[in-house]
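Number of protein chains: 4
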Amino acid sequence: MSRLWDKGLPLDQRVLSYTAGEDHKLDKRLVAYDVKASIAHAEMLCEADLLSKKDCKKIVNGLEQLLIDFTNKKWAINIEDEDVHTALENNLIQLIGDVGERIHLGRSRNDQVLVALRLYMLDAIDKVLSSIDKLCQAMGLLKEQQGEISLPGTTHMQHAMPSSVTLWCEGFIEAFKDAAEGLQNAKRRSNKNPLGSAAGYGTPGLPIDRSITTAKLNFTETQVPVTAAQLSRGKAEAHILFELALVMQDLGRLASDLLLYYTQEYSFIDLATEITTGSSIMPQKRNPDVLELVRATTATVHSCLNECLMITAKLPSGFQRDLQKIKAPLFRAIDISIESIEIMAHVIESVKFLPENIDMDEGLFAAEEAYKLVLDEGISFREAYRKISKNYTK
Amino acid sequence: MSRLWDKGLPLDQRVLSYTAGEDHKLDKRLVAYDVKASIAHAEMLCEADLLSKKDCKKIVNGLEQLLIDFTNKKWAINIEDEDVHTALENNLIQLIGDVGERIHLGRSRNDQVLVALRLYMLDAIDKVLSSIDKLCQAMGLLKEQQGEISLPGTTHMQHAMPSSVTLWCEGFIEAFKDAAEGLQNAKRRSNKNPLGSAAGYGTPGLPIDRSITTAKLNFTETQVPVTAAQLSRGKAEAHILFELALVMQDLGRLASDLLLYYTQEYSFIDLATEITTGSSIMPQKRNPDVLELVRATTATVHSCLNECLMITAKLPSGFQRDLQKIKAPLFRAIDISIESIEIMAHVIESVKFLPENIDMDEGLFAAEEAYKLVLDEGISFREAYRKISKNYTK
Amino acid sequence: MSRLWDKGLPLDQRVLSYTAGEDHKLDKRLVAYDVKASIAHAEMLCEADLLSKKDCKKIVNGLEQLLIDFTNKKWAINIEDEDVHTALENNLIQLIGDVGERIHLGRSRNDQVLVALRLYMLDAIDKVLSSIDKLCQAMGLLKEQQGEISLPGTTHMQHAMPSSVTLWCEGFIEAFKDAAEGLQNAKRRSNKNPLGSAAGYGTPGLPIDRSITTAKLNFTETQVPVTAAQLSRGKAEAHILFELALVMQDLGRLASDLLLYYTQEYSFIDLATEITTGSSIMPQKRNPDVLELVRATTATVHSCLNECLMITAKLPSGFQRDLQKIKAPLFRAIDISIESIEIMAHVIESVKFLPENIDMDEGLFAAEEAYKLVLDEGISFREAYRKISKNYTK
Amino acid sequence: MSRLWDKGLPLDQRVLSYTAGEDHKLDKRLVAYDVKASIAHAEMLCEADLLSKKDCKKIVNGLEQLLIDFTNKKWAINIEDEDVHTALENNLIQLIGDVGERIHLGRSRNDQVLVALRLYMLDAIDKVLSSIDKLCQAMGLLKEQQGEISLPGTTHMQHAMPSSVTLWCEGFIEAFKDAAEGLQNAKRRSNKNPLGSAAGYGTPGLPIDRSITTAKLNFTETQVPVTAAQLSRGKAEAHILFELALVMQDLGRLASDLLLYYTQEYSFIDLATEITTGSSIMPQKRNPDVLELVRATTATVHSCLNECLMITAKLPSGFQRDLQKIKAPLFRAIDISIESIEIMAHVIESVKFLPENIDMDEGLFAAEEAYKLVLDEGISFREAYRKISKNYTK
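Taken in sequence, the protein lines are chains A, B, C and D.
For the first sequence, position 169 matches number 169 in the working numbering, and the numbering has no gaps at all.
For the second sequence, position 198 matches number 198 in the working numbering, and the numbering has no gaps at all.
For the third sequence, position 307 matches number 307 in the working numbering, and the numbering has no gaps at all.
For the fourth sequence, position 231 matches number 231 in the working numbering, and the numbering has no gaps at all.
Please note that a few of the clues may not be correct.
For identical chains, the list gives no copy identity; a pair is met inside one copy or between any two copies.
Quick list of in silico lysine-lysine cross-link-like pairs, DSS-like style, CA-CA up to 30 Å [unchecked claim]:
| id | residue 1 | residue 2 |
| --- | --- | --- |
| 1 | Lys352 | Lys390 |
| 2 | Lys58 | Lys352 |
| 3 | Lys372 | Lys36 |
| 4 | Lys53 | Lys177 |
| 5 | Lys25 | Lys74 |
By construction, these hints were calculated from the structure, which means they are not laboratory data.
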C-alpha cells in the first residue's frame with residue numbers, strides 16, 4: 001500500500017519506523033472523525049462543483065462503509081500507511097477505485113489531522129464531563145447520607161474550626177463543577193474549523209467554500225486566516241490538558257484527604273474491602289492503592305500538559321512534524337483522567353465515615369466563642385481573641 | 001509592631017525570616033486591593049449591625065488614608081509584619097486607635113489574601129489585554145504597510161506554497177486575539193467572592209451577609225460553600241498562568257520566525273539599530289538579543305505555571321501555608337509577560353521586510369499548478385500530483 | 001491464578017484494572033531481571049540455611065526454565081497477576097509445585113521491584129551508551145570526511161567568527177561524551193542492593209545476609225538501612241531521566257542546526273533521499289521529518305523526568321503505590337532516547353555539506369583582524385576594536 | 001559609562017531595560033568570581049607575552065582593589081552596564097586608566113560569564129554540602145537521643161511493620177548523604193575551564209595558552225574544543241538544579257512525615273513553640289508553617305530545573321542570549337535550597353517524639369510472627385502467611 005506522498009523513491013525502513021512512531025496505533029480513535037470530516041469535505045467539493053454528484057456519492061458511501069469495516073476489523077492502520085489519513089485514502093481507493101483519488105483535492109494531511117483532532121476533542125470533553133457528573137452524584141449521595149457527621153475543619157493540617165461531611169463534600173462538588181465549566185469553555189479552541197487551510201497556506205486557484213464544512217461539521221466558526229490553523233495546533237490540546245490537570249489536582253487532593261482519614265491514627269473512614277488490596281508479606285493489611293494511584297496520576301496528567309506545551313515552544317510558524325507528537329500525551333491524559341474520575345466515583349460510593357472515631361475537641365470552637373464574646377459584650381474581635389486565647393496553652 | 005496572632009510567645013527570627021519569605025516585598029502590589037476589600041468588608045459589617053456607623057466611617061477613612069500614605073511611602077510592609085494584611089491592620093490601629101481592632105471580625109487572613117489576589121488578577125488581566133492590543137495594532141500596521149510582500153510559506157521549514165507578509169501577520173493576529181479571548185475567559189475563576197469564608201469554615205454564630213461584599217466588589221458570584229474557597233486557591237492563578245504561557249508560546253514562535261528571517265542567510269528583514277545590540281569582541285555585529293530573550297521567556301512563564309500547579313498538588317484540603325508560595329511565580333509571570341508583549345510590539349514596529357532578498361522559487365507554485373491541472377483537465381488531484389512531481393527532483 | 005496477597009476476598013474488577021494499570025505490559029522487560037534477582041535471593045536463603053539445597057536447586061532450575069519459557073511465549077503476565085512478581089511466583093509454583101512457595105521468604109514485592117528495576121537500569125544505561133558511541137562515530141566520520149569545509153560560526157544566530165565542520169562536529173562530540181560520562185555516573189544510584197529491605201522495614205527475626213545477594217548480583221553496595229530503600233525509589237530513575245534529558249537536548253540542538261542548514265535559504269547541506277519524506281499535496285518537497293521528530297522528542301523525555309519527580313514529591317516516607325507509576329515514563333524515555341540517538345547517527349551518516357553554498361563573508365574575520373592589529377601595533381584590543389568597527393556599518 | 005560593544009549608536013532605553021533584565025542585580029554574586037577569573041586571564045596574557053608585566057601588575061592590583069571597593073559599596077553594577085563583566089571593565093579603566101582596556105584581549109563576555117558561573121557553582125555546591133552536613137548532624141542527634149522510641153512502619157500510609165525513630169532517622173540520613181554525593185559529582189560539569197573559547201570559536205591568530213588559566217583557577221580540565229563551551233552552557237547548572245531538586249524532594253517528604261506526626265490525630269511529636277506560628281482568628285492554634293513552606297519549596301526548585309532545561313531546548317548551537325535567563329532560576333534555587341535545608345536542621349533539633357501517643361498495634365508484628373512460624377515449623381512463608389492472616393479481618 002503506498003504512502004500519499006510516494007514518488008517511487010526508496011524510504012529507509014528505520015526512518016519510517018521512527019517517523020511513523022506510534023501513529024498507526026494512536027490514530028485508531030481518529031478513524032470515525034476522519035471519516036466524518038472527509039464526508040463533509042467531499043460534499044463541499046461537490047457543492048463547489050469540484051466533484052460530480054455521482055463521484056461524491058461513491059466517495060461518501062465508500063467512507064461510510066470503511067467506518068463499518070474498521071469497526072469490524074476488516075482493515076487496520078498499518079505502519080506502512082503511517083497514519084489514519086493515508087490509510088483511509090488508500091482503503092477508499094481500493095474499495096471504490098480511482099474515483100477515490102478525487103477526495104484529496106483542496107486539503108492536506110495538515111488540515112485533515114487538525115479537523116479530526118478537534119472533532120475528537122469535542123467528543124472527549126463530553127466524555128470527561130459525563131464522568132465528572134458521576135463523581136458529583138456520588139459525592140452528593142455521600143453528603144445526603146452521611147452529611148451530618150462532624151469533622152474537624154483544619155488549616156495547616158491542624159484542628160481549626162468545626163466542619164462536617166456536608167461541608168467537605170460541598171467544597172469538592174464546587175470544585176468539580178468549576179472544572180466542568182472550565183472544560184466546557186475549553187471547547188472554544190476546538191470549535192474552529194481548520195478545513196480548507198490545507199498545508200497552512202490555503203488552496204490558491206481552487207474555488208472552495210470553507211463555510212460549508214463549518215456548517216456541516218457544526219463548528220462555531222471557520223478559522224481564518226489560513227495561516228492561523230497550524231499556528232494554533234496544540235492550543236486546543238493544551239487547553240484541555242490544563243483543565244484535566246486541574247481536575248486531577250482536585251482528585252489528588254480528595255485522595256490525600258481520604259488517605260489521611262484512612263490511616264489507623266485517624267480512622268475517620270472505612271473503605272469497602274473490594275476497593276482495597278492486600279499485601280504480599282503482611283497478612284493483616286488492607287491497602288488503599290487505588291487512592292495512591294489517583295494521587296500519582298496528577299503527575300501524569302500535568303506532565304502531559306508540559307509535554308504538549310514544550311513540543312510547540314519556539315517552533316517557527318508553519319506546520320512542523322513535531323506537532324505529531326502531541327497526540328500521545330493528549331490521548332494518554334484524556335484516558336487516564338476519565339478512568340481516574342470514574343474510579344473515584346466508585347470509591348466515594350464506598351466511603352463510610354466513622355463518627356465514633358472523630359474527636360471534635362473544644363479548641364475547634366474557640367473562634368465561635370470569640371464571636372459570641374463580640375456579640376455579647378460588644379468588644380472588638382481582637383480583644384475577644386486575646387481573652388479566649390488565655391484558655392489555650394497548647 | 002505586633003503580628004496578628006501574637007500571644008507574647010517567642011518567635012525564632014530565622015523561622016520568621018523563612019516563613020515570611022519575600023511576602024513583605026511581593027505584597028506591595030496588593031495594598032490597594034487589600035484596602036478596597038477591607039472597606040467593603042467594614043461596610044458589610046456595618047450593614048449587618050456588627051459595626052457602628054461611626055466606627056465604620058473611622059475605619060473606612062483610615063483605610064483610604066493608609067492607601068494614600070502607602071503611595072507616599074509614609075509606611076511600608078516590614079518583615080516583622082509578615083504580610084500586607086497584618087501590616088495594614090497594624091497601621092490602621094496606629095492611625096485610628098483601638099477601633100481599628102474591629103475590622104478583623106468575620107474574616108481571616110485566609111480569605112483576605114484570596115480576595116486581594118482575585119481583585120489584583122482581574123486588573124492584571126486587563127493590563128495584559130491592553131498590551132496584547134498594542135501588539136495586534138503593531139502587527140496590523142505592519143500588514144497594512146508591507147503586507148503585499150511575498151514570503152515563501154513553509155512546512156517542515158521547507159518552501160511549500162506562496163505566502164505573504166499579510167498572511168504571516170494575520171496568522172499571528174488571530175493567535176493573539178485568541179489569547180485575549182482566553183484571558184478574558186480566565187477572569188471567571190477570579191470572579192468568585194471568597195470573603196466571609198474566613199479561615200475556610202465560615203463564621204459560625206456571626207450573622208454576616210456575604211452577598212453584600214460580592215455586590216460592593218463587583219464579583220460575579222459569591223463562592224459558596226465556604227470550604228470551596230481555599231480548595232480553589234491556585235486555580236484562578238493557574239488559569240492566568242496557562243493563558244500567559246500560550247501567549248508567550250506565540251511570542252516565542254514569532255521571535256523564532258524573526259530570528260530566522262534576520263540571519264545573514266535569509267536576510268528577509270532588517271531591524272532598527274536601536275532594537276539590536278553590539279558584540280564585545282566582534283565589531284561588525286548587530287545582535288537581535290531582544291528576540292532571543294523573548295524566546296527564552298517562554299520557559300520562564302511555563303515554569304511559573306508548573307510551579308503553581310506543583311505547589312497545590314496532593315495537598316490535603318483546607319488552607320495550607322504552601323499556598324503563599326504561589327504569589328511569586330504569579331507576579332513574575334504577569335510582569336515579564338506584559339514586558340515581553342510590549343517590547344515585541346516595539347520590535348514589530350521596526351521590522352522592515354527586504355523583498356529583494358526573498359526568493360519565491362518555482363516549486364512554491366507546484367500545488368497551485370496541480371490544482372490548475374485538476375480544473376483544466378478534470379483529472380483527480382492524485383493524478384495531477386503525479387504529473388507535476390515529475391518536474392521536481394530535489 | 002491467584003494474586004500474592006489473595007485471602008479469598010472479592011476484588012472489584014474495575015479497581016483491579018485501575019490499580020494493575022499497564023503493569024502487565026510494562027513488566028515484560030523486567031522478567032529476566034526478576035528471575036536473576038530471584039535466583040540470587042534463593043541462593044542466599046540456602047546459604048543462610050533458610051532453604052534446603054534441594055529446594056534451592058528446584059527453585060533455581062524452575063526460574064531458569066521460566067525465563068526460557070517466557071521468551072518462547074509459553075507464559076505471559078496477565079492482568080490478573082497484576083505484575084511480573086506475582087506472575088513469576090505463580091508460574092513457579094505451577095511448574096515445580098509447593099516448593100515454589102518457599103521463594104517468597106524474607107522479601108516483599110517492594111524490594112523485588114526495586115532490585116529488578118535497578119538491574120534493568122544498569123543494563124539500559126549500557127544500551128544508551130552504546131548508541132551514543134554509534135553517534136560519536138558517525139560524527140567522527142563526518143568530521144574526518146568533510147571537516148575542512150568552512151562554516152560561519154554564529155552567536156545570536158548571526159555570523160560571528162569563522163568555524164568549520166570540524167569545529168561543529170567536535171562541539172557535539174564533546175557534548176555526547178560528556179553525556180556518556182554523566183550516564184556512567186548515574187549508575188551509582190542503581191548500584192545499591194535493596195534486596196532484604198523487604199517491605200521497607202527489614203525481616204525481623206529472620207537471619208538473612210544481605211551482603212550475599214549484593215555480591216551475587218554485582219551491586220557496588222548494600223543499601224542500608226532498610227528504610228533507605230523505599231525512600232530512594234525514583235532517584236536512580238530520575239537520575240537516568242535527567243541525563244537522558246540532557247542527551248536529548250543536545251540531539252534537539254543538533255537537529256535545530258541541521259534543520260536550519262537544510263532550509264532553502266541556507267542550503268548548507270543535503271540529506272539522503274531515504275532520510276527525508278514527501279508531501280501529500282506538494283509534489284516538489286522533500287521533508288526532514290526525522291529531524292523535527294528528534295527535536296520534539298526533547299519535550300517527551302523532559303516530561304518523563306518531570307513525571308518521575310512529581311510522582312515522588314511530598315509523599316510520606318515508606319512505600320506508596322504511587323511509585324508504580326514511575327515505570328511508564330522511565331521505559332518510555334529510555335526507548336525513545338535510544339531510538340532517537342540511533343536514528344540521528346543514521347542521519348549524520350547521510351549529511352553532505354555543500355561548500356559552494358556557504359558564504360564566509362568578510363565580517364567573520366573582523367575579530368581576527370583586530371587581534372592582528374593588537375599584535376602588530378601593540379595597541380589594546382579595545383582600541384583595535386574601535387578601529388575595525390569603523391569598517392562595518394551593517 | 002559605556003557598554004563594551006558601544007559604537008556610538010543609539011540604544012533604545014526600553015530595549016536596554018528588557019535585555020539587561022535583572023542582571024545588574026543578579027550579577028552581584030558574580031563579582032568575586034569575575035575578578036578571580038580576570039586576574040587569571042591577565043596573568044595568562046602576560047605569560048603568553050600578550051601583556052607586559054607592568055601592565056599585568058596594574059590590572060591585577062586594580063581588579064583586587066575593585067573587589068574590595070565593591071564589598072565596601074564604592075561601586076555597583078548599574079543597568080547601563082548591563083552586567084558584571086562590563087561594569088568591571090568600565091570600573092577598571094576608570095581606576096587604572098587606558099591600560100585597563102588591555103584586559104579584554106582573547107576573551108569574550110561569552111566565556112567570561114561561563115567561567116564566573118562555574119567558579120560560583122563550585123563554591124555554591126560546597127555551601128549546600130555544608131548545610132546538608134548540619135541537617136545530617138541534627139538527624140544524627142535526634143536518633144541518638146530519641147532513637148529507641150518505637151514507630152509504626154507504614155506502607156500505603158497503613159501500619160505495616162515495627163519501625164523506630166532510629167530507622168526513620170537513618171533512612172533520611174542515607175538519603176541526604178546520597179544527595180551530598182550527587183552534588184559532589186555534579187561538580188564535574190563545572191570543573192571544565194571555558195576561558196579562551198571566547199565567543200565560542202576561539203581566538204584565531206592569538207597565541208594564548210588555555211592550560212594556564214585551567215591551572216591557575218584549579219579546574220580539572222580545559223574544555224576543548226572551543227565550540228563545546230557554549231554548547232555546554234546550562235548543563236552544569238541543570239545538573240546542580242537536578243540534585244537540588246532531589247534534596248528538596250527528601251526535605252519535602254521529611255516535612256510530610258512531620259506534618260502527619262504533628263496532627264492532633266497522630267500527636268506523635270511536639271514542636272518547639274518558637275518553630276510554630278499562631279493564627280489570626282483561632283486563638284488556640286500553633287501552626288507548623290515552616291514545614292508547609294519547605295514542602296512547597298520542592299515545587300520551586302523543581303520549576304527552576306524545568307526553566308533551565310526549557311531555556312536551552314531546541315536552540316541552534318553557538319551562543320544565544322537566551323542563556324542569560326538561566327541565572328535567575330539557578331540563583332533562586334540555590335538560595336532557597338540552602339535556606340530550606342538549614343531551617344529543617346533547626347526544626348529537627350526541636351522535634352520531640354511522644355511515645356505515649358504512639359500505638360504499636362499487634363498487626364504490626366504479623367510478618368514477624370509468620371517468619372517465626374517458618375523457622376519453627378519449617379513450612380513455607382506462603383503457608384505461614386495464610387495461617388497468620390486468619391487472625392486478621394480488618
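Outcome of the hint check:
1. Lys352 <-> Lys390: Classified as between: cross-chain Cα gap 24 Å, same-chain 37 Å, threshold 30 Å.
2. Lys58 <-> Lys352: Intra 60 Å, inter 47 Å, cutoff 30 Å: neither.
3. Lys372 <-> Lys36: between (66 Å within a copy, 27 Å between copies)
4. Lys53 <-> Lys177: neither (47 Å within a copy, 39 Å between copies)
5. Lys25 <-> Lys74: both (16 Å within a copy, 26 Å between copies)
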